[in-house]
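Student: Listed here are the chains, written in short residue letters.
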Amino acid sequence: MRAISGIILIAGTLVLQGCAAPEPSQDLLAPTEAQMKIRSVQTRTFDVKDRQLAMRGVIAALQDLGFIIERANEPLGLVTAARFAEPNYYDVVGVTVTVRQETEGRMMIRANAIYNNKPIEDPKVYQNFFATLERSLFITRE
Amino acid sequence: MRRAILVGACLLLWSQLAGCVTHTQPVELFQLTEESPRHKAMQTRFFETKDEAELLSASAAVLQDLGFQVEESVQDVGFLRATKERSAREYGQDIGRFFAFVLSLGKLIMPVDLHQKIAATLIARPINPEATRQEVRIMFYRVVWKGDGQADRQYIPPGQQKMEMLRDPVMYQQFFAKLSKAVFLEPFAL
Chain B
1 MRAISGIILI AGTLVLQGCA APEPSQDLLA PTEAQMKIRS VQTRTFDVKD RQLAMRGVIA
61 ALQDLGFIIE RANEPLGLVT AARFAEPNYY DVVGVTVTVR QETEGRMMIR ANAIYNNKPI
121 EDPKVYQNFF ATLERSLFIT RE
Chain W
1 MRRAILVGAC LLLWSQLAGC VTHTQPVELF QLTEESPRHK AMQTRFFETK DEAELLSASA
61 AVLQDLGFQV EESVQDVGFL RATKERSARE YGQDIGRFFA FVLSLGKLIM PVDLHQKIAA
121 TLIARPINPE ATRQEVRIMF YRVVWKGDGQ ADRQYIPPGQ QKMEMLRDPV MYQQFFAKLS
181 KAVFLEPFAL
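The listed protein sequences derive, respectively, from chains B and W.
First residue of the first sequence? That's 1 in this note's numbering, and the numbers climb one at a time after it.
First residue of the second sequence? That's 1 in this note's numbering, and the numbers climb one at a time after it.
Among the hints, a few may not be true.
[Claimed, not checked] Cβ-Cβ distance ranges computed for the label pairs, FRET-style:
(1) B/Ala3 x W/Leu105: 42 to 48 Å
(2) B/Lys37 x W/Glu130: 41 to 47 Å
(3) B/Gln35 x W/Ser36: 19 to 25 Å
(4) W/Val70 x B/Lys37: 37 to 43 Å
(5) W/Asp51 x B/Asn73: 20 to 26 Å
(6) B/Met108 x W/Glu72: 22 to 28 Å
(7) W/Ser36 x B/Gln101: 28 to 34 Å
(8) B/Ser40 x W/Tyr155: 45 to 51 Å
(9) W/Asp148 x B/Glu86: 25 to 31 Å
(10) W/Tyr91 x B/Asn112: 42 to 48 Å
(11) W/Gln150 x B/Ala3: 40 to 46 Å
(12) W/Glu34 x B/Asn112: 26 to 32 Å
(13) B/Ser40 x W/Tyr91: 36 to 42 Å
[Said to hold, decoys possible] Derived contacts from chain W toward chain B, CB cut-off under 7 Å, selection only:
(14) Pro26
(15) Leu66
(16) Phe68
(17) Met163
It should be emphasised that the hints constitute simulated quantities derived from the structure, not laboratory data.
Ideal Cβ placement from N, Cα and C applies to all residues, glycine included.
Turn these sequences into a full structure, and let the hints steer you where they fit.
Tutor: Now the structure itself:
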């Protein structure tokens, strides 16, 4: 009998503990080392003079990869695209690409990819993307 | 006996559902596959014209003829996105639902496809520096929503989603046939 009430007590405290929401830490928005690393993985610079040309290359690369272009904004250099994780149609991969001029004749291209609303941090993903983009930009320039 | 049948039916359904879930890893999704060039060839046509704006507005007109509503357009990068919503009811699914209902002795009401949104994204772009030749690439896809159902006493709420790319070559041929008529140009594939 005593054992049962003890178990109930322990279970009760466990349940109550689950209710306390974790406090957001002070450095929630502060840059961390991991963020700097992921940013360098997501960014690459290309020798392209025209920003519109670079954007068209980005769009072509995404289409080659089977992405659906959802939104594009030329003045801001933004492209948003998504695709279903085929052959299964319940997972979604989204990607936002920004094209910005770094210096004269050099474009900085950054890609952010998410998989089912979780950011992708695997460098291999971005390497693959930039490899396709490089090919697409090269063909465009021909 | 009845319970055994019910358990059997549930197990069968469950194993079918479990078989469907294979997660493709993101790394594979950012790589060109063997099918990529084939899909590209199907979705792309080239036009000998300088007038990209005309090609884009003709594409929008063709999509409107096909019942699409243009939702997004950016002329600077030659981009169009259009959608249309239609019913997704199919007799086959209703028949399947009926047999599942009978075989499970009224315990199982399978959800069927109810509503779908068919969408198209289109990109027109010049492919040579003089911009005398334009490429048009279009992609069709759809999202299907299921209705509600019931498994034993468990109610299955409506709204379950399924998404798929549409890869029927006839659909693409029809679109490009209409587009070439609209711009008075003969398209060609490389």
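Student: Mind listing which of the numbered hints don't hold for this structure, in increasing order?
Tutor: Those not satisfied are hints 3, 13, 15, 16.
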